[in-house]
Amino acid sequence: MAQPAKVTKVTKPGGKDIRMFFGATSGSQKTATQTSGSGSQPRDAIEISDDDSIWMKAAAAKSVPRTQGTSKPSKVAPMVVSDDEAPKKSVAPKRKKVVDSDEESDEAQGSPPKKKKTVAASKPSKANHGVLLSSDSEEEPAKSPKKKQAAVATKPSAAKPKPRVSEAKKPRASTSKRKSKKDEDFIADSDEESDMESPSSGADELLAPKAPSKKPAKRATAKAKVEEKPATKGTTKEKEKEKDQQVSKPKFNWAAAKAAKLAGPVAPGSKEVPDGAPDALAGLSFVFTGELSSFSREEAVDLAKRFGGRVVGQPSSKTDYVVLGDNAGPSKLAAIKKHGIRTVNEDEFLNLIGTRKGLGNGNIDEKTKKKMEKEQEAIRQAAREMEKREEKEKKAAAKGTKTVDPSSQLWTTRYAPQSIKDICGNKTQVEKLQQWLHDWQDSKNSGFKKPGKHGMNIYRAVLITGPPGIGKTTSAHMCARLEGYTPIELNASDTRSKKLVENGMNINNTSLDGYIKGTHDALAAGVPFTDRTCLIMDEVDGMSAGDRGGVGALNALIKKTKIPIICIANDRQAQKLKPLMATTYNMSFSRPQAAAVRSRILTIAFKEKMKIPANVIDQLITSSQSDIRQVLNMLSTWKLSSDTMNFDEAKTLAKMNEKYSIMSPFDITSKMLGPYLFSATSRETLGDKMELYFQDHSFIPLFIQENYLKTQPAKLRDLEGPEKTLKQLELMDCAASSISDGDLVDAQIHGPEQHWGLMPLHAVCSAVRPASFLYGTGAHYGGPGAMSFPQWLGQNSKLGKLSRQLTDVQIRMRLKVSGDKAEIRQSYIPALFPHIVKPLMDEGTSAVDEVIERMDEYYLSKEDWDTVVELGVDEQRDEVVMKKISSATKSALTRKYNGSEHPIPFHKALDIGKPKKLAAGPAPDLEEAFDMDEVVDELSDEEKKSNSDDVDVTTDKLIQVAKKKKAPAKNGKAKK
Amino acid sequence: MSLWVDQFRPRTLDSLHYHHGLSARLKSLASSGDFPHILFYGPSGAGKKTRITCTLRELFGPGVEKLKIDQRIFLSPSKRKLEINIVQSNFHIEITPSDAGNYDRVVIQELLKEIAQTQQVDLNAKQRFKAVVINEADSLSRDAQAALRRTMEKYMSNMRIILCANSTSKLIAPIKSRCLLMRVAAPNPQEMEEVLNYVAKRAPFTLPPEAAKKIIDDSGGNLRKAILVLEALKMQSPDLSGPLAIAKPDWETYCYKVADLIVSEQSPARVMEVRAKFYELLSHCIPPTVILKTVAERVVEKVDESLKADIMHWAAFYEVRMRLGSKKIYHLEAWVVKVMSLYKHFFYDMDMSSFD
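From first to last, the protein sequence lines are chains A and W. Count the first sequence with full-length UniProt numbering and you get residues 1 to 976, in order. Count the second sequence with full-length UniProt numbering and you get residues 1 to 356, in order.
Check before you lean on any hint, since a few could be wrong.
[What the hints assert, rightly or not] So the derived list for chain A, only partly shown, Cβ under 8 Å to chain W, looks like this: (1) 574; (2) 725; (3) 823; (4) 830; (5) 874; (6) 876; (7) 880.
To be clear, the hints were calculated from the coordinates, so they are not data collected in a lab. Just so you know, even glycine gets a beta-carbon here, dropped at the ideal spot from N, CA and C.
Using the sequences and the hints given, assemble the complete structure.
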């Protein structure tokens, strides 16, 4: 199993990644693994063992092959660290990880200059090397039981999910310890544990690395056990000794420290987030790719945003850094290469946060600075304008010319855009709308014949669609006002039934209102109609029960309107809006980018004297899915309690106001089968995963089943050749049998039992569990391995259709044939095929008579003939067969068949009388229940019978007894 | 001209070619005046329906051969129309409950009540009761079977029920105990040869024994299949001499192709290919158990001895699951993946051992 690990390193551009290994000092014992060359030859395991006697141990810090920018992340994976008893007190100032603390590390601690711990061994071992043995450790058991040993077994990364990052703030030592403990438990080495419990060494920790997922856990564990045993024995006693020695050790083993620094994460998830300046990453743009070892993608992205960085999806020449994780996508790697972007790994990224000083310290180049200043200026400027306007309005209000004081308005009204440039996003759409309104009168004069620049001018109305809160209504109002129209808005709070729409708008021009009232104005919603009026029908998809016929009437109105009409809706596809499709120009508004909204929100915040950094605003905007109205509402609520907001507060606030969003089954499938949901750094709980199933519990299992084989399972990442194939089949097997389990559960849910309480189990069996085996890259949109819609639905309805047709064939043949449906399909159709189909293929038209004769023999009609052809598979598939029959023959058959008389076995009962209704009573499903029923029913039947037989004797019990005997006899007679 | 299998079907108990003991018993039952409910069971193509028809004829006379088909329409509680086909003569009625799908219980109760409540109108009829033949009784749902129990006793005076099933394993014990069980075993090769020769004589032509043997081997005890194959062969080569290639039915060759796919490569892509083929078979009304059985037998032929038991074990395992579950394809696929995994493991194990 222990093959030499081959690790391909990728050197980072920065050149920091070279590790150095050192044998620490001349020890009485030589460390087995001293290598001076850095990482030249990755060893499977590195151990460091100390002699008990002297601090001059061979500190063999094995250099870890792991490069920071490692291209192959998986290999690098977490190391197992064995700690000596020494608690790690010192926190490395930088975010480097200490991998192992050997005794050496303890020594290192003693040394003042750097607080880093030495790292024992980190190993890039492939999945195969479950355990690394240092030669020292091997020797130890033999030599002296007392030697202290730190055995480090490094395992591949597949570590458990780590504690939350938030914990990271705790003293590091504790975290790592906890972690290591966890790992141990996982491996469940009883030996180890007992050792640890032994009184002498409290702190001793042996880490058995977790078996990489790829390896069968068993094997790995077994090995780990073997190797750890000797190691642990030595440890307990010696720890204390070492401690003493440590203290006396003055020397700092800088090489080991360096190794530790570079060694990578001790335990995923345990990394502390440095307390960097809030704008530490300001002005930088990041791309994340691959899987980071201790953060999930979202966390990492969050982190970047929290410190003011910008996160973009695809690397471009403008990207400042690419944070590389394991298994980065090849296309991104290519882009990185192409643009020569700086890459950093996770640790360096954290480092960046911790050390970069952000804006204040001149770290930022001139350009960015200027840009930012400019932005600030613009914001201040806009805020001033706003202020001025409000002043004016206030005055107006005071004078009584205007009724509303702006300060009493909702923010959404108060800060509604006043000019085109205030509108966030959808600029072109708004311009088009304005242009259309501008041209409307001309269009009307030309009879809506000239399409105009955007092809809009042939429409009398526009239908604006888009998600809520992105300014559809606002834009419509503003455009109308800007073009000199008086907007009349009818929305869901107005009744808009057919009658009201017709009367209100006077569509048919039947009303004499105008004459009688003596005005020439038609009144709608209290606003006089003129030709400078514009009707805005808001929320047209909300025209519901109370607005019967409203859409139709609206449509009629649109067809002859003399004023522009703007309809607004959320869902373009809605069935209800079908009629409007042809008569309106369809304009869809999309969610604006966060960047487009940001400055506006910042302006408002500034004006409201709230201190909210841009990245916080961004967070609010993205988490509300660019719903500007919601952001404003959130802010105005927040303003009541506080004037500042930080990133976390923004997150919680947004979370509280979260809209329940429904994902499409495709999104859910791609999320479930994707590489992140089940990765080691994923933070989703089982409940979260099941929640995905419940978004659409009837479809998700079908989608998973359809697509689960289309991934490149992440669990196979480090396997090659036969082992990979075997493992893959094993995983597929697990997934497929879980899906099969799921179907059994489904049968309990949807079958006669109706055990709906089993749905969570179904969620796990049919969706979560299969995905947990085979998750990985690959299931996505487009491309050869694209996710597809479940075939099952189509195939099932095809089965239904064909089996109905087969029933028809069977019942027609029944007069001649005894077989049931299955027999007809399996034996008769293949037998009939040479008689009623093949001749047509071979002989063509001349065989038609013979075929029809044979069909008549079995009462088969022309439709049944089609069915027979349709039911064929393989060589007799209908397409194949039909291709071989010339169309002349086909039409000859049809003509001839229709032209002659044919025996009919029976008439379809379709149109005869009313069908009988079946009782819907629930069926008792227990045998016992039937027994009870039986008794009761029989009694009642019996009674009924006797009642009907003889009414007058029912009162007399004696007679009834006699009657009972007679009754059957009577029946019998009657029968005869 | 009908196919031979229908043309030369025996019409009376006396003319049946095999299971003479069974025929004799049926005959004496029919004449005894104390005819019980009967459950015929046995593999398809063994002659159950033929025997039922003969028995009915024995009971009621040639009148039972005047069949008429009636289509009844029921409205399910969910307002769906259910078309039920009923084959009947003056003396008996034949229903196939699988037509009714989930509503078989109510449909059967309805029909049986209706039949049981009307008495035999033909005064000249030999028997006072009517016979109800229930085809595919093993596809009756548990509910329907339970509902049948009471009916069978209650209406004993007016009707007898004849159940026809492939296996009794899916019938509940109370039903079985209310019926006289009649096992119609598949004919043995000698009996089949006798029948084939009888057919040949009637056709008429002479059937060379080698050809007969070949057909019998191929048919696996299914006499219907044997006769159909015989006729097909006769069409192919009128003298039935020389090497005969028995044409397999389309679905069978397709199943073989699937099996070959499984054995020749084991990969996710291959599983999906197999899945597509399974879908095609299933949607063309080949029962899933037949698919599984055919494919499994073919796979077993092609793999090493030590794997055979495992493969069959898992086939049986997933067949049960198919019956319990609702989406057959899931279980078929799970079996395929299992077989692939087994096969691959075996393959590599062997590989390694050969190097050792």
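Hints and how they fare:
{"no.": "1", "hint": "574", "in the structure": "violated (27 Å)"}
{"no.": "2", "hint": "725", "in the structure": "holds (6 Å)"}
{"no.": "3", "hint": "823", "in the structure": "holds (6 Å)"}
{"no.": "4", "hint": "830", "in the structure": "holds (4 Å)"}
{"no.": "5", "hint": "874", "in the structure": "holds (4 Å)"}
{"no.": "6", "hint": "876", "in the structure": "holds (4 Å)"}
{"no.": "7", "hint": "880", "in the structure": "violated (10 Å)"}
This entry does not satisfy hints 1 and 7, going by the numbered hints stated previously.
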